[in-house]
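**Student:** So you can see what is in the structure, the chains are spelled out below.
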Amino acid sequence: MPDTVVEVRNLVKYFDGRCVLDGVSLAVPRGCIYGLLGRNGSGKTTMIRILLGLEPPTRGQTFVLGEDSMRLSAKAHGRVGYVAEGHHLIQSYKVRRLVGLCKGLSLQWNEELFGHLMEMFRLPMDRKVRELSAGMRAQLNLSLAMAIDPELLILDDPTLGLDTVARRQFLELAIDVIQRQGRTILFSSHILGDVERIADRIGVLVAGKLVVDCTLEQLKSRIRRLRVIFPRQAPEDLYITEIVNQQRQGREMVLTVANWNPQKQAILETFCPESCTDLPMTLEDIFIECTRPASALPQESEV
Amino acid sequence: MLSLIGREVYDHLVYVLACCLVSAITIGVMILTSVSGIVQAAYVSSTILMLVLFVGLCALGAAQMYGDRANRISALLSTLAVTRSRILAARVLVGVLTLLASLIPVLIAALILLSLAALPAAFYPRMIWEVSAAVALTGFACYCIGLEIGWTTSKTWLILGSFLLVALLASLVFAKGPGLEAIAILLLFIAAMLVHTWHKFTSASF
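Protein sequence lines, in the order shown, are assigned to chains A and B.
Each residue of the first sequence is one higher than the one before, counting from 1 in this note's numbering.
Each residue of the second sequence is one higher than the one before, counting from 1 in this note's numbering.
One or more hints might be untrue.
[Said to hold, decoys possible] Computed cross-link-like contacts, BS3-like style, restricted to lysine-lysine with a CA-CA straight-line distance of at most 27 Å:
id: 1; chain 1: A; residue 1: Lys220; chain 2: A; residue 2: Lys264
id: 2; chain 1: A; residue 1: Lys209; chain 2: A; residue 2: Lys220
id: 3; chain 1: A; residue 1: Lys128; chain 2: A; residue 2: Lys94
id: 4; chain 1: B; residue 1: Lys200; chain 2: A; residue 2: Lys75
id: 5; chain 1: A; residue 1: Lys128; chain 2: A; residue 2: Lys103
id: 6; chain 1: A; residue 1: Lys128; chain 2: B; residue 2: Lys155
[Claimed, not checked] Which residues of chain A face chain B? A partial, calculated answer using Cβ under 7 Å:
id: 7; residue: Glu55
id: 8; residue: His77
id: 9; residue: His88
id: 10; residue: Ser106
id: 11; residue: Leu132
It should be emphasised that the hints constitute simulated quantities derived from the structure, not laboratory data.
Note that CB positions come from ideal geometry on N, CA and C, so glycine has one too.
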């Protein structure tokens with residue numbers, strides 16, 4: 001059983017001459033909840049689709065459960081649960097028929113868990129998929145993906161269209177899945193609070209490049225936002241490496257820096273600041289700083 | 001595999017039944033015209049109905065592929081424990097089964113009617129084999145045209161392309177006659193169509 005469940009090697013993808021993924025490399029270890037973040041069009045869905053073999057890469061290779069994505073065996077497919085953005089279910093089918101089809105095409109089917117989920121989400125079996133609301137489709141898709149007891153669960157913006165209660169239920173479910181031995185989740189989301197709650201490793205895609213790939217704790221500890229008050233006007237010549245963002249207003253300067261260390265602290269001290277306060281950063285703050293167009297954030301190897 | 005075949009049949013039941021219905025009508029017309037003694041009319045009407053059957057088989061192939069692409073069915077199926085090759089294999093198998101279910105009764109009926117007409121015995125085996133093979137292969141080739149053309153989002157191309165290719169193929173078989181040459185051409189055509197369809201389907205974005 002490989003320890004790396006998902007591996008991406010120098011992945012490049014072009015759509016009509018436009019580069020969507022630009023040399024992305026990452027590895028998701030077994031048992032990890034990997035949160036993939038990025039703005040719209042940053043390449044998250046494309047990467048997930050390539051991982052599942054739904055889209056061929058332009059260059060590079062991806063491996064899922066030790067197998068090349070473009071040559072995934074039926075057995076490997078059967079060990080991966082997938083909830084797609086937009087929930088691509090067969091719209092003309094009744095829920096019952098769709099469930100029957102998925103059950104028939106699965107390696108294993110956890111009837112008890114599926115029944116529990118259907119009951120929890122109150123999904124009607126006798127209605128057509130197209131008659132369900134977006135939230136109900138999301139719940140159905142998630143239930144189908146969970147019922148196969150997947151070794152790897154890939155979720156592409158899974159909480160999109162869910163209300164707060166359903167989102168909470170979903171997150172609890174995801175945590176439940178991870179608690180089972182050896183289960184791995186790779187998910188992308190726009191709701192950073194969700195990612196922060198459940199992910200233990202974060203990847204941030206900016207314009208097709210993976211600018212962050214580390215654990216949530218590392219990310220939070222390495223990126224610091226400081227409010228520095230100077231005796232006079234805040235200096236314009238404060239040259240510290242890896243400044244992600246800086247804002248000056250009179251005597252005050254708010255500085256976001258990656259890989260904060262004693263050397264950088266010493267440089268700051270030479271400007272004799274009156275005070276230097278650490279400002280707490282949520283994942284959302286970090287994400288916004290990372291995805292600024294002219295972000296000075298260092299590459300993945302540095303963070 | 002059985003689930004995939006079941007899904008294909010269930011989703012395209014109208015086309016499968018339509019092909020079987022055309023087959024039944026063909027048998028009925030053949031019997032009626034033979035009984036009434038108008039042999040020429042039997043040939044003409046059977047030929048026309050066979051053409052309708054070929055169009056029906058082409059429509060089945062096109063509906064399978066077009067419906068899949070439009071409703072992103074394979075996008076869902078290929079995330080389950082199946083491969084793209086298996087999805088396509090199940091699809092083609094349903095086409096073959098429909099073809100056999102439509103043609104075998106017609107061929108049996110034709111055999112019985114021919115034996116009643118009492119043509120020279122030595123003439124039968126080769127003629128029957130060649131005509132049967134040519135008709136079956138033409139039907140399958142038409143189905144393959146449907147598969148090939150169906151993987152599109154353009155309805156105009158789907159309809160025009162299918163009709164043009166079916167007409168071209170049928171004309172070719174009629175011009176050559178149902179001999180060994182026609183069979184060889186049809187086999188090559190089917191192989192090329194299937195390989196291309198398989199390549200297109202297994203390397204496409206879902």
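**Student:** With a cut-off of 7 Å on the beta carbons, see whether A:Ser106 makes it to chain B.
**Tutor:** A:Ser106 check passes; min Cβ-Cβ to chain B is 6 Å, inside 7 Å.
**Student:** Does the alpha-carbon distance linking A:Lys128 and A:Lys103 stay inside the 27 Å limit?
**Tutor:** Holds, at roughly 17 Å.
**Student:** Tell me if the interface restraint on A:His88 is satisfied: Cβ within less than 7 Å of some Cβ in chain B.
**Tutor:** holds (5 Å)
**Student:** For the pair we were handed, A:Lys220 and A:Lys264, check the Cα-Cα distance against 27 Å.
**Tutor:** holds (17 Å)
**Student:** Under the criterion that the straight-line Cα-Cα distance not exceed 27 Å, is the pair A:Lys209, A:Lys220 satisfied?
**Tutor:** The given pair, whose Cα atoms are some 20 Å apart, holds under the 27 Å limit.
**Student:** Just to be careful: measuring from the Cβ of A:His77 to every Cβ in chain B, is the smallest value less than 7 Å?
**Tutor:** Constraint on A:His77 satisfied, holds at 5 Å.
**Student:** CA of B:Lys200 to CA of A:Lys75, is that 27 Å or under?
**Tutor:** holds (23 Å)
**Student:** CA of A:Lys128 to CA of B:Lys155, is that 27 Å or under?
**Tutor:** The hint holds at about 26 Å.
**Student:** Does the nearest C-beta of chain B fall within a distance shorter than 7 Å of the C-beta of A:Leu132?
**Tutor:** violated (15 Å)
**Student:** If you take the shortest Cβ to Cβ gap from A:Glu55 to chain B, is it below 7 Å?
**Tutor:** Hint on A:Glu55: holds, closest Cβ of chain B at ~5 Å, below 7 Å.
**Student:** Are the Cα atoms of A:Lys128 and A:Lys94 separated by 27 Å or less?
**Tutor:** Since the Cα atoms of A:Lys128 and A:Lys94 sit roughly 4 Å apart, the hinted pair holds (cutoff 27 Å).
Checked against the numbered hints above, the structure violates only hint 11.
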